[in-house]
Amino acid sequence: MHPAFSVVFFTTATGAGYGLLALLGVLGATGFIAPGFWLGLAGMALSLGLISAGLLSSTGHLGRPERAWRAFSQWRSSWLSREGVASVATFIPAGLFGLGWVVFGRLDGWVAAAGLLAAVGAIVTVCMTGMIYASLKPIAQWHSPYTLPGYLIFSGMSGIVLLNALLAGFGLGTNRLLAASILLTLLGWGWKLATWRHNDQLEIPTTANTATGLAGGTVRSLEWPHTEENYLLKEMGFRIARKHSAKLRLITQVLAFGLPILLLIAGFALPWPLEAVAAALAAISQFAGMLVERWLFFAEAKHTVTLYYGR
Amino acid sequence: MTCLPSHMDKRLGLVIDLDTCVGCQACVTACKEWNTGGHMAPLTDTDPYGGHVDGVWFNRVHSYEHTTEMGGRTVNFPRSCLHCETPACVTVCPTGASYKRASDGIVLIDESKCIGCKLCSWACPYGAREFDTDVGVMKKCTLCVDRIYNDNLAEGDRVPACVAACPTSARHFGDLGDPASAVSQLVAERGGVDLMPEMGYRPTNKYLPPRAHTQRAASVPAKALEPVKAEGGFLGWVDRMLSN
Ligand code: SF4
Ligand code: SF4
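Top to bottom, those sequences are chains A and B. First residue of the first sequence: 1, per my numbering; consecutive thereafter. First residue of the second sequence: 1001, per my numbering; consecutive thereafter.
Please keep in mind that the hints were generated in silico from the structure rather than gathered at the bench. There could be a bad hint or two in this list.
[To be verified] Okay, derived cross-link-like pairs now, EDC-like style, lysine to aspartate or glutamate, Cα gap no bigger than 20 Å in a straight line:
1) B:1032 x A:300
2) B:1113 x A:66
3) A:234 x B:1047
4) A:234 x B:1151
5) A:234 x B:1085
6) A:234 x B:1045
7) A:137 x B:1085
8) B:1032 x B:1085
9) A:234 x A:300
[Stated by the list, open to error] Chain A side only, calculated, beta carbon under 8 Å to chain B, not exhaustive:
10) 48
11) 60
12) 137
13) 197
14) 217
Think of the CB as a built atom: it goes at the ideal place given N, C-alpha and C, for glycine as much as any other residue.
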């Protein structure tokens, strides 16, 4: 599948933003984070900023963005529509939560309730995003039990590493948060390795034989219907060389998991403000690594239409 | 509404004979010609005379070499929307632009609602939907809704343009929901198949596999020709001279 930057950035940014929002909501509501004006402002700006930037970027992928409002109508059948509804609905409790925290300086009562609701909305929205991909049967690498948990794990992972950077920036970092960030990053790493392993061993029942209805033997493409690449090949026939994908998998592992873990471990020993610098670098490196991971998620996915072209 | 109809009065579709298709591309051009002025018009071409010709087509004909233990053969293979019974291209559409009609099972796009998110083209395993970069919306085969119900056409012409154009009658149009229809009987008789049945989209269109190879040579009823004899006279002399 063609890795369009708008979609790669969209899923990475909203994943991290919703992860952070959910953690702020839950930890704020349960008293693990004390209300403070600047912390609240920075936290809400970062999470809602990432979410909004991602959603805006996704409209860049549309042929007719001015009609985007229509996408809220088919939630009965469409995961994409459900994602749209959930993402917009989440802005309501998230906005109230931010208002209570930043303007009224409190994290109890209705503000706590709004925080918890925002967390639920964030998790639901990430699930909807995951299901858009997991539900697509023609793409075996996405139509897999690894896709939905992957989206949730990566969202939680990027969220907690961002939260760690945020709190460390305010000198509020804790060893518990560092440990949790490392654990979630390890979980993300393990999940990605397992997903790649699963995809590399996939046995796809759809072949050029079933695609053409010609039973038995081999079916070899002699001639395409057209001489140049068409929409189908540009959008769904994207191919990546094995050696490139091996390199990019390595880069993903270093940037998204390895380096952040080292920086987070260093955070146990470093004094403030170096601890905050390490935490921020961990978050930045992980975000960059997740962009590469998401690029590969598209580039390595093979659509059944490629079978008609002998690819 | 992108939920699928629970009941269809008819299941209109095509039956394509891979035995007789000669890959002449007549259906492709007839489709383009009709539809660039039809329901989903225009079928945009970009850079039509340049080095990167591209454009929207509803029907594309591939050629394959099918090799089995019986030998190899060339199979020409027209590919277009199969008007599936449970098509995810419709259910994934967030706007309601894609829909399947309960009256005849035809899968259509309402261009005025389409936001061009392209998700439906990802959801179609067969590559039947093509994005029009010029208009910013998705396009696909309409089974010539604007021909098959068109009172301005003579009754015999009320078939999809591809069917009307095919010089070898490799394309058949009819109601595949009615077991008594000519197309259903053709499918039963020739063992018509679904493409990618494992996807579970339950295509309406069926493909008739090429007939089995035969070991027998074609029998020719005409008598064998006499050998040419040139013994005497001028021609005989020429023959002898040239044979030396
Ligand atoms: S062939 Fe593709 S576009 Fe046509 S109905 Fe089936 S899934 Fe939809
Ligand atoms: S491209 Fe248009 S028809 Fe296809 S899913 Fe998106 S809105 Fe629906």
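* Asked: Can you give the numbers of the hints that this structure goes against, from lowest to highest?
  -> 1, 4, 5, 8, 10, 11, 13
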